[in-house]
Amino acid sequence: MRLAILCSSPYSETGCAVTSRLAQLGHVPVGALTLPSWDSSTLLRKVGQWGLRDSLRYAAAKLAPGETAVQDKIRNPYLEQPLRHRDGVFRSLRQVARAYGFPVVTCADQNSTRAVEQLKHWSPDVAIFTGGNILRDELLKVPRLGILNSHLALLPEIRGMSSPEWSLLCGVPLGITIHFMDSGVDTGPILLRREFPTAADCDSLADLRNRMIAKGIDLIAEAVAGLDRGTISAAPQADREKDRQFFVMHEQLKAVATRRLNQIRSKESRLNPVTNECHG
Amino acid sequence: MNSPDSISTRNVMSTRADRVLNEAAGLVRAPQRVVPLVSKLVADELRTVFEYRHLHSYAAATIPTADALRSIVDWILRAQQADGGIAAYYSLLTGYSDSYPEVTGYIIPTLYDFGDLTKQAAPRNAAERATRWLLSLQMPSGAFPGGLHRSDRGHHNAAQPSVFNTGQILQGLVRAHTETGNAQILERAVAAGDWLASIQQTDGSWSGEGAYQGTAHTYYSMVSWALAQLASESKDPRHAEAADRNIDWVLAHVKPSGWIDGINLRTHPAYLHFIAYVIQGTLECGILRRRDDAIQAAAKSAWVLLRKFETHKRLMGTYEPDFAGGQNFSCLTGNAQMSCVWPRLFEVTGDLRYLNAALKINEMLKRSIPLNGPRGVVGGVAGSYPIWGAYQPMRFISWGSKFLADALMLEQRATREFEAKFETKLETESETKREANFNRKRKAAECA
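From first to last, the protein sequence lines are chains A and B. Under the numbering used here, the residue at position 253 of the first sequence is numbered 253, and the numbers go up by one with no gaps. Under the numbering used here, the residue at position 290 of the second sequence is numbered 570, and the numbers go up by one with no gaps.
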C-alpha cells in the first residue's frame, strides 16, 4: 500500500511518531508533505501573546530544536516506543526519512497547487493527516482511498476542537475515531471507533491527551493494516442528530473538565484498586 | 426635485461635517487632550500591527473578570453628570458629552446588579439619582425625548418623543420600581408603556412619528423586551400584547440564513451593535413571554455569529444581509452584546458552547479596556477597535460599558451556576455509584 504523510511541521512529535510507527510495521511512506517549521505571522502573534523574550526562545527552539540532542526528553512520554531508535530519538521528520529512505517536501500551504501536484506525483493509496491546514477537496481527492485522521473523541458525538475535554464535560465516553477526511469538520466516513477507558493514573488533561495521541497512532496503524489486507471498510457517519461541532475550550471550562477527570480517576481507583496498583 | 433619500443623505453629510468641526474645535479648546489622543492612536496602531491576530484570537485571561468589571463600573460612575444623567460618551477630542436619557435608563439595571454583587451603596445611589433625573424628563404623554439632553435644546427635534429611547428608559424604570417599591415610578413606567402601546402600528411595528428616521426597525425588539418586563410588574395585558405583537412582526423578518432583516437604517451600515440589539430583544422578550418561536429565531441568528467568531476568531464591525461580509473593524459594543446573548442561551438551552464563546470573547474585550489614562479613558469601552473604526470613532461610549459590565456579570453568574450544577452532578454520580457498589458487595456476601 502506498502511503503519504501530511504533517504540520517537520518537528511535529506526533508526525514523527506516526511515520516511524508505520515504517516500523513495514508501511514506509512514499513521501511526506510538511508545512514550514515557522512563519513570520506566527512569530508576530507569539510576540503579542508571550512577549519578546519567550517568543525568541520559541523561535530558536523551532529553528534549531536540537537535531543532535538525542538525549532530549520526549514531550509526550507515551510516544517513546515509536520515536526511540538505535542511536537515540527521532527529533524531526527528516531524521525519520533518512532512516527509512523517503522524501520530505516542505510547502507553505497544503492546499497549494504545488502540494497537490506533489501528492499526485506520489499517487498514494492513503495519506495520513497529522496536522496542518483545513484541507480542500482538490487535495482530499488525490489519495485513492482518502486521507486518514485520528480524532480524539467518539464521532459523530463530539466533532471539532478540544474533543477530549468536551467529551468529559458533555458526559460522552472518552474515545478515539479513525476516519477519512472530507470537506466538513470531522464528518468523513469512520473506519475505527474505540472507547478509551480513563486510566486511574492519568493525572491531568495534558496527560490524558498524550495517552490518547499514542493510542490514536496505534489505531492508525491498525486501520492502515486493515485497509492493506482489505479487512475493514469505512462507514458514513449515520447518527446526524447527535452531531455537534465544538470549538477550542476556555481555560475556565477546562478546569471543570479536570475536576471531572479527577472524579473519574478516584471512582476507578475505588472500583479497581488492584488494577490500579498494577498500573502504578 | 430632490428625493427624500437625497435630502436625508445631505442632512447626514452636513451633520458629519458639523461633528468633525466640533470635534476639531474641542481639541483646540482643550489641547491637554492631545496626549491621551495620540497615545491611544499609537497604542492601537501598534496593537493592530503586532498583536492583530492575537487580539482577535482567544488567549488566556490577563485581567481578572472582577477587576475589569470594577474598572468599567467606575467609568460609568465617573460619567454620571451633575444632573444625574449619564454622559453618552467621552470623546478623545471633546471630552464628556451631555447626559443621554436613553443610556441613563438602561444603565440603571446594570448599576443595581453591580450593587447587589458587590454590596456597595455607590452604584445603587447612582441608579436612584439617574431615576430621579429621568422622571423629570418624562413628557405629559408618557414618552421620553430622544437625543442628548442639553445639546438638543433649541434644536427642532429637542422635545420629540422617541419610541426606542422610551423603551430603553422603561427598562430602567421597571427595575427601579422592583428595587425600591416606589409606586410613583411604576405609575410613570405604566404611562410610558401605555404611550408605546398607543402608537404601535396594527402590524406590531413602530413607524412614523417617534420612530428613528420615521421607519420601522426590527431592533425595536428591545422595546418589546421592556414592555414584557413592564407587563410582569403592571400585570396589564395591553403591555404584554404590545410586546407579543412586535415580536410577531420581528419574526416575520427572519430569513433562512438566520439573519433578521428590517434593521432599516438609512445612511448607516448594519453595525453589529444593531444586529445584536435585534437578537437580544427577541431572545429576552421570548424568554419573558415564554415564546419558543422567538427564542429559536434568536438562537439561530446568535449561532451563526458564534460560528463566525469561533472560526475567524472575531466578529466584523458590520454585516451585510444574510451575514455576508462586512467591515473590517471590531464594534466592541456589539461584541459585548453578543456576550450577553450567548450566556443567556446557555442558561436556556444548557448548551455549553454558548458559555464557552462568551468566555472567550470576554477575554478579547477585557484586553481592550485601558488600564490607565485620564478620567474618561481609564476603564472605558471604545466604540471601535481600533479607535478610528467606523462605529463611534475616537470615543469611549457609555452603552459599551453598560453591555460589557452586563456581559461580565452574566459570565460570573453562568459559570458559578454551571460549576455548582456540575459539582452536584458529580456528587450525585458518586453517591449512586457508592450505593451500587455497596449493594453489589452485599449481594456477593449474601451469595457467599
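Honestly, the hints are just simulated from the structure, not real lab data. Each hint should be verified, as a subset may be incorrect.
Below, in silico cross-link-like pairs of lysine-lysine (DSS-like), each with a Cα-Cα straight-line distance of 30 Å or less [to be verified]:
1) B/K705 <-> A/K267
2) B/K701 <-> A/K141
3) B/K515 <-> B/K535
4) B/K399 <-> B/K320
5) A/K254 <-> B/K580
6) A/K254 <-> B/K701
Hint-by-hint comparison with the structure:
1. B/K705 <-> A/K267: Holds: B/K705 and A/K267 sit about 14 Å apart, inside 30 Å.
2. B/K701 <-> A/K141: violated, 46 Å
3. B/K515 <-> B/K535: Violated - the C-alpha atoms of B/K535 and B/K515 are around 33 Å apart, more than 30 Å.
4. B/K399 <-> B/K320: violated, 34 Å
5. A/K254 <-> B/K580: holds, 26 Å
6. A/K254 <-> B/K701: holds, 16 Å
Of the numbered hints listed earlier, those contradicted by the structure are 2, 3, 4.
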